[in-house]
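Q: Line by line, the protein sequences are chains E and R.
Be aware that the first sequence starts at 1, since it is given in my numbering, and climbs by one per residue.
Be aware that the second sequence starts at 1, since it is given in my numbering, and climbs by one per residue.
Bear in mind the hints are in silico, worked out from the structure with no lab data behind them.
A hint or two may mislead.
Just so you know, same-sequence chains aren't split out, so a pair can sit in one copy or run between any two.
[Unchecked claim] DSS-like cross-link-like pairs, simulated, lysine-lysine; straight-line CA separation at most 25 Å:
#1 K25 with K234
#2 K116 with K16
#3 K116 with K267
#4 K246 with K91
#5 K246 with K309
#6 K294 with K84
#7 K25 with K233
#8 K25 with K84
#9 K220 with K260
#10 K84 with K97
#11 K91 with K233
#12 K84 with K234
There are 2 protein chains.
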Amino acid sequence: MHSIKELQQIIDQAVKETTYPAEPKELYEPISYLMSLGGKRLRPALVLMATDLFNGDIKAALAPALAIELFHNFTLMHDDIMDKAPLRRGKPTVHAKWNESVAILSGDVMFVKAYKMMIQVKPDILIQVLEIFNTTAVGVCEGQQIDMNFELRDEVSVAEYIEMIRLKTAVLLGGALKIGALIGEASETDAQHLYEFGENLGIAFQLQDDILDVYGDPEKFGKQVGGDIISNKKTFLLITALALAKGDVLEELNHWLSLKEFNPEEKVMAVRAIYDQLGIRTLSESKMQSYAEKSITEFNLINVPGENKGVLLEFAEMLVERQH
Amino acid sequence: MHSIKELQQIIDQAVKETTYPAEPKELYEPISYLMSLGGKRLRPALVLMATDLFNGDIKAALAPALAIELFHNFTLMHDDIMDKAPLRRGKPTVHAKWNESVAILSGDVMFVKAYKMMIQVKPDILIQVLEIFNTTAVGVCEGQQIDMNFELRDEVSVAEYIEMIRLKTAVLLGGALKIGALIGEASETDAQHLYEFGENLGIAFQLQDDILDVYGDPEKFGKQVGGDIISNKKTFLLITALALAKGDVLEELNHWLSLKEFNPEEKVMAVRAIYDQLGIRTLSESKMQSYAEKSITEFNLINVPGENKGVLLEFAEMLVERQH
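Only chain E is shown next, with the shape it has when bound in the complex (with noise of 0.2 Å):
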């Protein structure tokens, strides 16, 4: 088996090696500039991880690896377009480094790029592959588009905000689970194992996310801790707050929400005092604790030897219990 990092280095390397025509230059750039802003890798890994679960040939599982990051770098250059963001992992992101137009087509080409990495695996898993792969990527878009669409509501349930984020976050962590398993010949029953184990995974690695920016320490953290809070994003933690407060506490948290100018700091402290009073975190983490413990009960299905099963499971305890 290889370890969290060796896999990591090989999906590093093979990223730094891929390179693009150099012309239409706004076309090509654009690729490259994004793929080495770096990210966790944590897709492409999967994918190598789920290989090597099954004593599988992981340099088969490569270029769909790169395949599962082109495509999430894709998404990422596309909803930074939608979503008007300045930054990307701490650098200008594509449409603001050159435009709107470069951002959208050199989007398109990266999305083709994604398609001719995946298709190079065996012949007799390609369809098969191929159908994971659109699945994902429908599921990614209509995830995106649900979520915009939240912004516009008043009022979102606890049942759909799991289901945007299980389309626009775990579904590709399962794909690119299943995708690898299928690489490394498993049966349809285990790669499907692993499928649930990734979604529900990611689903857990989601709420995880939103706890953090909250609760997370600025220093581990990377980006502005309360940024969700700021802009009233209606994550699990909000949600769940509106549904049990009452009184002057449900009053006090919709003034913070109606307020159009205000101290961001200030009204970061002041939510989350009312999350604190209503027992928030201690709700949401163990919300990500039962996904994160479904995970493992499909996990722990799958028919491979104990020894083969530390690196993915290192992993999802890594990817729940991580800081940042």
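Starting from the structure of chain E, add chain R where the hints point.
A: What follows is chain R alone, placed relative to chain E:
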């Protein structure tokens, strides 16, 4: 063999019968909307005609034909954002009717749907079909970027212009035909001849479009005649005129190109008069004819009974002799 009309009806029917999920509606309504606006359905018809040419099963070619039409419309949806176009086929563009985010994301999901349709070919040709489709898609994106770059450049050569329209328009015609040929179980040699036929025909088709934009009959053309002149678009006609004009004629042409404010009709008439003086129409028609002839030369090399060839020949003639 099926007539052009029959094939177009089959496509229109299939487009009408294609349904998309109801939610999120911002993602799927724009796809139905744009696909329902009609258009000539040239590209999907080419897939079916190519399969028919080799006595293949056109039912097996229908999903890939729709994939080509979905892909074409996806590129239109994104190009219209970049070009800030308010209208498409006389109706509001998707970004104008909804908004830019919807047009970006709905386009992305449309592209995935195109892949979902495209993989519905027999497993033994799947990888080849996808390689053609990917190469085609990259070409179309590169062509669009080069076209946008031309707007910012002072000089563009005829060779550069032809290369741009080859990528932006012609590779898709070639790709559609080659995919249809593979479905019809054509030999690699015949499929490649058909590709070359399509690519050359595509260049002729675009040159004819440029000519019609200046010399078309307003009643038949369907869009504003002179649009390219009004926007100083660097078409074969303008590039050639700038290369040939001298002295006072060049000065007058440059004068019209430099004007920020002008009477559109007056500018169209004046530039057209310069084109007439320089014989641009004849030069353009002869250039167009040379590509049409190259396409026929390739077509003649295809090893199928003569009676199979009539429909595609008729279609090619229709394309280059069309008045709209």
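Q: One pair to classify: K220 and K260, alpha carbons no more than 25 Å apart. Within, between, both, or neither?
A: Neither way: K220 and K260 sit 29 Å apart in one copy and 54 Å across, limit 25 Å.
Q: Classify it for me, K116 with K16: is the Cα-Cα distance of at most 25 Å met within a copy, between copies, both or neither?
A: Classified as within; 18 Å inside a copy, 31 Å across copies.
Q: Is it within, between, both or neither when you check K25 against K234 at 25 Å Cα-Cα?
A: between (39 Å within a copy, 20 Å between copies)
Q: Checking K246 and K309: alpha-carbon separation at most 25 Å within a copy, between copies, both or neither?
A: Neither: 46 Å inside a chain and 77 Å across chains, both beyond 25 Å.
Q: Are the CA atoms of K84 and K97 at most 25 Å apart within a copy, between copies, both, or neither?
A: both (12 Å within a copy, 20 Å between copies)
Q: Evaluate K116 and K267 at a C-alpha cut-off of 25 Å and name the case that applies: within, between, both or neither.
A: Cα proximity of K116 and K267: none, with 47 Å in one copy and 46 Å across.
Q: Using 25 Å as the alpha-carbon threshold, which applies to K25 and K233: within, between, both, or neither?
A: between (36 Å within a copy, 22 Å between copies)
Q: With 25 Å as the alpha-carbon cut-off, assign the pair K91 and K233 to within, between, both or neither.
A: Intra 23 Å, inter 35 Å, cutoff 25 Å: intra-copy only.
Q: Are the CA atoms of K246 and K91 at most 25 Å apart within a copy, between copies, both, or neither?
A: Neither, since 42 Å and 50 Å both go past 25 Å.
Q: For K84 and K234, with the copy left unspecified, which applies at a CA distance of at most 25 Å: within, between, both, or neither?
A: within (18 Å within a copy, 32 Å between copies)
Q: If the cutoff is 25 Å on CA atoms, where do K25 and K84 land: within, between, both or neither? Let me know, please.
A: both (23 Å within a copy, 22 Å between copies)
Q: If the cut is 25 Å between Cα atoms, do K294 and K84 qualify within a copy, between copies, both or neither?
A: neither (35 Å within a copy, 48 Å between copies)
In the structure shown, a violation is registered for the earlier hints numbered 3, 4, 5, 6, 9, in ascending order.
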